[in-house]
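Number of protein chains: 2
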Amino acid sequence: MALVKKPVTGMKDILPAEMQIRDYVMNVIKENYRKFGFTPIETPCVEHIENLCSKQGGENEKLIFKIMKRGEKFNLANASSEMDLADGGLRYDLTLPLSRYYANNAANLPSPFKALQIGSVWRADRPQKGRFRQFVQCDIDILGEPTNLAEIELILATTTTLGKLGFKGFKVRINERRILKAMAAYSGFDEAQFDLVFIILDKMDKIGIEGVSEELVANGFTKEATERYLALFTGMQEAKDPVAYLADKLGDYLESGVTESLSEIMDSVRGTVDTDFEIVFDPTLVRGMSYYTGTIFEIEMAEFGSSVAGGGRYDEMIGKFTGQKTPACGFSIGFERIVTILLDQGFVVPGSQKKIAYLVEKGMPSDRLCEVIKEAQQERAAGNQVLVVRMNKNKKFQKEQLEKDGYEEFKDFYKEALKY
Amino acid sequence: MALVKKPVTGMKDILPAEMQIRDYVMNVIKENYRKFGFTPIETPCVEHIENLCSKQGGENEKLIFKIMKRGEKFNLANASSEMDLADGGLRYDLTLPLSRYYANNAANLPSPFKALQIGSVWRADRPQKGRFRQFVQCDIDILGEPTNLAEIELILATTTTLGKLGFKGFKVRINERRILKAMAAYSGFDEAQFDLVFIILDKMDKIGIEGVSEELVANGFTKEATERYLALFTGMQEAKDPVAYLADKLGDYLESGVTESLSEIMDSVRGTVDTDFEIVFDPTLVRGMSYYTGTIFEIEMAEFGSSVAGGGRYDEMIGKFTGQKTPACGFSIGFERIVTILLDQGFVVPGSQKKIAYLVEKGMPSDRLCEVIKEAQQERAAGNQVLVVRMNKNKKFQKEQLEKDGYEEFKDFYKEALKY
Chain A
112 MALVKKPVTG
122 MKDILPAEMQ
132 IRDYVMNVIK
142 ENYRKFGFTP
152 IETPCVEHIE
162 NLCSKQGGEN
172 EKLIFKIMKR
182 GEKFNLANAS
192 SEMDLADGGL
202 RYDLTLPLSR
212 YYANNAANLP
222 SPFKALQIGS
232 VWRADRPQKG
242 RFRQFVQCDI
252 DILGEPTNLA
262 EIELILATTT
272 TLGKLGFKGF
282 KVRINERRIL
292 KAMAAYSGFD
302 EAQFDLVFII
312 LDKMDKIGIE
322 GVSEELVANG
332 FTKEATERYL
342 ALFTGMQEAK
352 DPVAYLADKL
362 GDYLESGVTE
372 SLSEIMDSVR
382 GTVDTDFEIV
392 FDPTLVRGMS
402 YYTGTIFEIE
412 MAEFGSSVAG
422 GGRYDEMIGK
432 FTGQKTPACG
442 FSIGFERIVT
452 ILLDQGFVVP
462 GSQKKIAYLV
472 EKGMPSDRLC
482 EVIKEAQQER
492 AAGNQVLVVR
502 MNKNKKFQKE
512 QLEKDGYEEF
522 KDFYKEALKY
Chain B
112 MALVKKPVTG
122 MKDILPAEMQ
132 IRDYVMNVIK
142 ENYRKFGFTP
152 IETPCVEHIE
162 NLCSKQGGEN
172 EKLIFKIMKR
182 GEKFNLANAS
192 SEMDLADGGL
202 RYDLTLPLSR
212 YYANNAANLP
222 SPFKALQIGS
232 VWRADRPQKG
242 RFRQFVQCDI
252 DILGEPTNLA
262 EIELILATTT
272 TLGKLGFKGF
282 KVRINERRIL
292 KAMAAYSGFD
302 EAQFDLVFII
312 LDKMDKIGIE
322 GVSEELVANG
332 FTKEATERYL
342 ALFTGMQEAK
352 DPVAYLADKL
362 GDYLESGVTE
372 SLSEIMDSVR
382 GTVDTDFEIV
392 FDPTLVRGMS
402 YYTGTIFEIE
412 MAEFGSSVAG
422 GGRYDEMIGK
432 FTGQKTPACG
442 FSIGFERIVT
452 ILLDQGFVVP
462 GSQKKIAYLV
472 EKGMPSDRLC
482 EVIKEAQQER
492 AAGNQVLVVR
502 MNKNKKFQKE
512 QLEKDGYEEF
522 KDFYKEALKY
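Order-wise, the sequence lines are chains A and B.
Residues 112 to 531, numbered by this note's numbering, are exactly what the first sequence covers, in order.
Residues 112 to 531, numbered by this note's numbering, are exactly what the second sequence covers, in order.
The set of hints was computed from the structure by calculation and includes no laboratory data.
It should be emphasised that the depicted structure is a prediction, and the values quoted were computed from it without experimental measurement.
One or more hints might be untrue.
The list treats identical chains as one, so a pair stands whether inside a single copy or across any two.
[As the list claims (entries may be wrong)] Quick list of in silico lysine-lysine cross-link-like pairs, DSSO-like style, CA-CA up to 27 Å:
#	residue 1	residue 2
1	522	436
2	275	465
3	240	180
4	431	123
5	436	473
6	275	506
7	117	507
8	314	351
9	282	504
10	510	485
11	173	117
12	117	360
13	436	117
14	466	522
15	173	123
16	522	240
17	141	123
18	141	510
19	184	240
20	240	292
21	292	360
22	123	184
23	522	485
24	117	275
25	436	515
26	466	141
27	465	506
28	522	141
Can you build the whole structure from these sequences, using the hints too?
Shown next, in the form of structure tokens:
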């Protein structure tokens, strides 16, 4: 049977040019996040199937690559569904494994714990352009910090890092799951229906306030609730301070302190920023993951339609492992999107190594080859990149190809030293 | 259902202290290999099940984590074995995916192509101390280079890198599959039995020449062939130049040029080395993988019983994908073993960032918090690592914990600026 040359459906081979940008972006991210006190950690790519299918991941749970049981545990005769045959799966995000990790290792970790995790995740999504089934996520999380210092540090670290990568003029949108819920409750929607309301609200930027109104009614919500709901949005648009307006309107529907904390996050970020971006309250921001419990945020770039980073507070997830509530908040950079933008922009990685190619004629005697390699080793020790290759018959073409790969200096070595 | 806190069997959560060493080792490896002109690439962790089960991987093929088909393709009713239900698997090494990658992308890659691949691989081995089911490999390969320049560059790059990591006094053992075969043929063993002969020969360092002799005879090989075989080994021990001795003895059993090339590799490495190690011909070196066709090598360290790096020439594998023979040679560093040795030695990662912790009293007003964060941002811009945390009630204990994490400077910020 002939072997298959293409990678598996939806996953990709990464060629040297893209790899160079990926390595660069990864290094900038790591270096900057470290300055904010985030500590790199790693979790296995394979996770317990029970954890992956525990309703934490919303729609992503439908996209899991499941891993088969092995040996005697694989019992085909008695299996009635795929779940009987699987004991693991590839992680669909880094947040669930991080929560398990923290639950497992909290005794050996500082509190609060600031984690940096960069790694691949897998989702068996329908393959489409620019969307892959294996992709890298880059998450920072602060575990054990109940106050909004977590949100402030996460937003500062992420925006500073994006600034170091050359991005500017982007927008941080921020909202609160508790505000979303209070607005829906105030309007008279049934709590069981909140998620549907939010799914429709999420389309605001595409279909406008009119469209949202029509769709809510079409889904059987009362005209009264719909009008009361949308009046809040028009009211905010007209208000000088939309957060204060909401606080006033929602009154007891909202826990005390929620709007104040949100304002404090925005003020602190605005007051300390050295990157060119804006942070705005966006009451239409929803975010899909069911695990969020408080603040939620996203970063939008004009260069790229959808968001390039997103996150929020998920105070309930770690408790699912430990039985003990642990505050948690995270921010994830869409690594693949950042790389795509830079590739599209023709970004050139700043390099310091000189690239030199040594062309060695075929049939060179051992002692002479030794000399050549010795010279190469000295150049390398001096910090340069030296490629030692056999000289092709068409030396001119060979050098042209090497120039395309960035080699800027060439040295020819012939088997007879005299020709050198 | 309660969620599972422990990682899946045989895989591990990596804690910050180990992670720091891993990141350091990875950076040293990348930086050095780049100087030798190796280009980083990446292949998907998931590989076609047909490729993984194509008899390239020897024993490793029994240890594959298989991935289930999804959707309609998963047909439990008609399945008669696990292979009917799997369409992918986690890669068990980086060499097979590299060969597929090269077959798929050769038109867009330089020739020869010097690849650097660092990534996780998975084997469902029986869990045991220090051995994990997910582990990192770190491979360099030269594809499209038929001459021993590939071997020389691979050995120099790997030994130089180990030297940069502080290792010295290690031993490179080198052999040739064609010499192994010629010795067996010369002795009169049947070619179909060569692999069994090599498995027994591989035990020489444990059971000695007597033991090998007994085991060969016990496995039904003739006394005559066994004696003729082992006489070669005692002959080499007594010879001044074992390679020349063999060349003379084996005569036509060996392709011409094989021993000369082996000597040239050793001479070139010895002549250009700036790291303290030795390279020796070891006719008992076998290496398990069935895909090797020529030179094979391993690195041994006194600090660690078994080998810490290994590789060789595999000129046939890429042809399995393309139908066209492509010379290939690679060297793989056992990343996990290197990390284990450094951890055991109490290795301290050289660091340049100063680690400072800002302790912020609870209840600090927004404007004052802004000032604190602004100061932190300035320190970070100056290259330092700054952690901003809420001050605990037991500040002394909090600082002791932070000291354990490497924080060397502290600054307390109180909600009333006067106290500052």
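Within, between, both or neither: residue 522, residue 141 at alpha-carbon 27 Å:
between (37 Å within a copy, 25 Å between copies)
Between copies, within a copy, both or neither: which fits residue 431 and residue 123 at Cα up to 27 Å?
Cα proximity of residue 431 and residue 123: across copies only (20 Å, versus 35 Å in one copy).
Please work out whether the CA atoms of residue 123 and residue 184 approach to 27 Å or closer within one copy, between two copies, in both situations, or in neither?
Classified as between: cross-chain Cα gap 22 Å, same-chain 32 Å, threshold 27 Å.
Give the relationship of residue 292 and residue 360 under a CA distance limit of 27 Å: within one copy only, between copies only, both, or neither.
within (14 Å within a copy, 86 Å between copies)
Using 27 Å as the alpha carbon limit, work out where residue 510 and residue 485 are close: within a copy, between copies, both or neither.
within (22 Å within a copy, 52 Å between copies)
Checking residue 173 and residue 123: alpha-carbon separation at most 27 Å within a copy, between copies, both or neither?
both (22 Å within a copy, 26 Å between copies)
Can you give me the call for residue 184 and residue 240, within, between, both or neither, at a CA distance of at most 27 Å?
between (39 Å within a copy, 23 Å between copies)
Residue 522 and residue 485: within-copy, between-copy, both or neither at 27 Å Cα:
This pair counts as within: shortest intra-copy Cα distance 14 Å, inter-copy 52 Å.
Regarding residue 117 and residue 360, is the shortest C-alpha distance of 27 Å or less found within a copy, between copies, in both, or in neither?
Result: close neither inside a copy nor across copies, 58 Å intra and 47 Å inter.
With identical chains, the pair residue 522 and residue 240 could be close in the same copy or across copies; at 27 Å between alpha carbons, which is it: within, between, both, or neither?
Cα proximity of residue 522 and residue 240: none, with 43 Å in one copy and 50 Å across.
Treating 27 Å as the Cα threshold, decide for residue 436 and residue 515: within, between, both or neither.
Classified as between; 26 Å across copies, 56 Å inside a copy.
When no copy is specified for residue 522 and residue 436, does a C-alpha distance of 27 Å or less occur within a copy, between copies, both, or neither?
Answer is neither; intra-copy 65 Å and inter-copy 30 Å both fail.
Of the numbered hints listed earlier, those contradicted by the structure are 1, 6, 7, 9, 12, 16, 20 and 24.
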